[in-house]
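Using the hints, build the complex out of the two chains.
The listed protein sequences correspond, in order, to chains E and C. Count along the first sequence from 1, add 18, and you get the number used in this note's numbering. Count along the second sequence from 1, add 133, and you get the number used in this note's numbering.
The set of hints was computed from the structure by calculation and includes no laboratory data. Where is the CB? At the ideal position from N, CA and C, for every residue including glycine. Hints are all accurate, no fakes.
Which residues of chain C face chain E? A partial, calculated answer using Cβ under 7 Å: (1) Val165; (2) Leu303; (3) Glu304; (4) Val307; (5) Asp308; (6) Ala310; (7) Ala311; (8) Glu327; (9) Arg328; (10) Asp331; (11) Asp348; (12) His417.
In silico contact screen, one side only, chain E against chain C (beta carbon under 8 Å); selected entries: (13) Pro25; (14) Val66; (15) Pro68; (16) Asn69.
Anything over 12 Å on all C-beta distances counts as not near chain E; from chain C, calculated: (17) Ala136; (18) Leu187; (19) Arg191; (20) Glu204; (21) Ala240; (22) Gly293; (23) Ala362; (24) Gly368; (25) Asp378; (26) Asp384; (27) Gly387; (28) Arg403; (29) Ala407.
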Amino acid sequence: MFLQIHPDDAVPIYEQIARQIQFAVAAGGLMPGDTVPSVRELARQLAVNPNTVARAYRELQALGILDAQRGLGLTVAAEAVEKCRDQRSRWIRERLAQVVGEALRAKVSARQLQSILQDVIQTLSRQEAQS
Amino acid sequence: MNAVIRTEELAKRFGRVTALDGVSLEIPPGVVWALLGRNGAGKSTLIRILMGLLEPDRGRAQVLGHDCRTEYLAVRRKVGYVPELPVLYDWMTVAEIGRFCAAFHPAGYFSEYLRAAAQFGLRPDQKLRHLSKGMRAGVVLSLALGHDPELLILDEPTSGLDVMFRRQFLESMVDRAAAGKTVFLASHQVHEVERVADIVAFLKEGRIILVEPLDRLKRETRHWILTFADDRAAGSALDRFAAEDGVLRADRDGRQIELLVRSREDAPERRFAAALNLEQVESHACSLEEIFTAYMGPERDCEAPSLKEARK
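Isolated chain C, as found in the complex (with noise of 0.2 Å):
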């Protein structure tokens, strides 16, 4: 299999701060990607040493085949990239951008960009200091398929997008995908991912801790409501479960016990069988978000520095 992106152990700090904890992953084409974190987890990092704009501190990272730290201008050449905060020049018009854009580019760049533009309501003579936040972002995503590249690396794309907005990104990502190109997209809109996402990975304080085809994620992963006869069982039982291989979630409310567990098993229910006392068993299959949140793990008590604010 020939992978679009290929990483190897990399490694990147800023002062203090881990962005990026030995991140290895393997891409194949063709497929929507969704790399999900929370802020400052490290996925805008990741996607700046990819396009050559950030070296690592360790490791090896390949595009389309090309090192990304020596070969930056191939893989900028070719990949379709959507950063989280573009910077236009904003004296320019629709048109002049994209024929400035064209240079870097082979013949017919312009006129597919165009098209796109059109496809977010732009006119090639339009201000780009006069468009709305949306109407910028159209522009950006215009810039990054007039080359109708392989792979297209959005970075929060939708982010501060209205609804429509939103709508005709997803649109436009899904149609690459349909194409059978490659589309590699950092988010934390869960919803988002969970309609478009071939795979699923979750980037947690600098390091990958799950790459997964999304239905097999969601379909292992399940949310049980236990209910036993007085809440001492029920706390036993507590201890018990949360020890156990893949249960991601454990709580107790008096005499019931909820968990968040995933696996393979043909019946998962089998597990809870030995358990003394139990009066009633539910369960229900989980979204995205509540598989997320249980993989993200409570909530960190002391403030620490964000990536962000370490890099000014």
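Just chain E, same shape as in the assembly (with noise of 0.2 Å):
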């Protein structure tokens, strides 16, 4: 599991490291039944506060996508796929929306946006279809 920290994102670094694990849960690369590192390894993996990997892991245990395992440490729910799936799809919703708000502030119009928004899904896809 590789995470990306940046302490000086508007994000906080425990939100940082619990979106990523969960992005990581949705997309396959940490599966049901994957352990996660343990607190301390993380936080010296990452050099940040041990205190900060933590409450990421206290809360992905409270939205039931890690389960402590006796003896096992902390593994990757059962049903943490379809969440994870789900939470996948709020945050993108989110991070469009303020880029759509943005353009809109600015007096771009919407079919503008429209047109903008095909022209990038497009030419993405055709880039990660070649790679």
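What follows is the structure, encoded as structure tokens:
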């Protein structure tokens, strides 16, 4: 599991960790039953405060995405995949809403926006297909 | 709560320069506690008082229950200390300096020291004279960790180190915290502090102006850009908001004003509701750097004599 942390981002570090784990589960990089690194290990790996990692794990447990397994540490829950996919859709919607909101405030028309979005989707999926 | 470090009204002057001006602190166990301040703010003076290397003019300081003035030997034995400008005996090897320091500590220190040193890629037979700056810093940190101290005090530990050594330093620091120990970190590396700190304190011209859990500070501080119909509306809004509670910084550029606001309200934008001719409100969260800069206030115009010069 590889995570990337940006300490000066607006999103708090614990949330960055929690989100990236959810994205990994949604994309199949982490599967139900997989264990995540211990708090100490991940804190060291990312060079972030261990309480921050512990907080991310607590939130993921509260969401039913991670389960504490006796002797194993934390593992990805069986029903986590669906939850993470729902969550992923919500974040994508949020981030798009930010961009769209910015464009609308700058007086870009709805039609212009649609054509830009179409274009971006086409270009990116062509690139994905090639790689 | 048993404070690991406790100070009451510490004050220290060097000639005409006030280094510390009434510093009272209480640092709980098991946290990474970061002291941020500009060069010459008094960070090193505070640390040297804690380690019993300097006597305060006024006030009291306790570390791990020991008075820093009268029981400094106990303090130095129990604390892991990484000074800003460490002095090493250059003619010793990595192993020799470890054995030398082991004399002041319980059994087991030497092997623990060598283990820590190995993590920095240090070999026992290397002469200190031949080590790079980063490797010397590795020796100093390993010496500070040999006795598995309850409290690690670091004074600008990564200044002048390359990216790799910095990273290793941060990792060791994080690992101390994960083991439940306390880390006191004095720094002006805001980005590093943002990664590792539980609690941050800002020291400005010898005074502590803020002590706060980092996540709360970041959650409660936002950057606002308000756009008005014309310059005049922006100007009068600036006069009004600049004087309000929690406004750390206020600037105007044409018909826009920019505010950095610390607020515990649920809907902080409500405070702008009454502004006249307000056309648009934007806001975003702040990095620690933005917050720190705002608290430090505008640059001083006149060149105040720096503390380091005054000490000479």
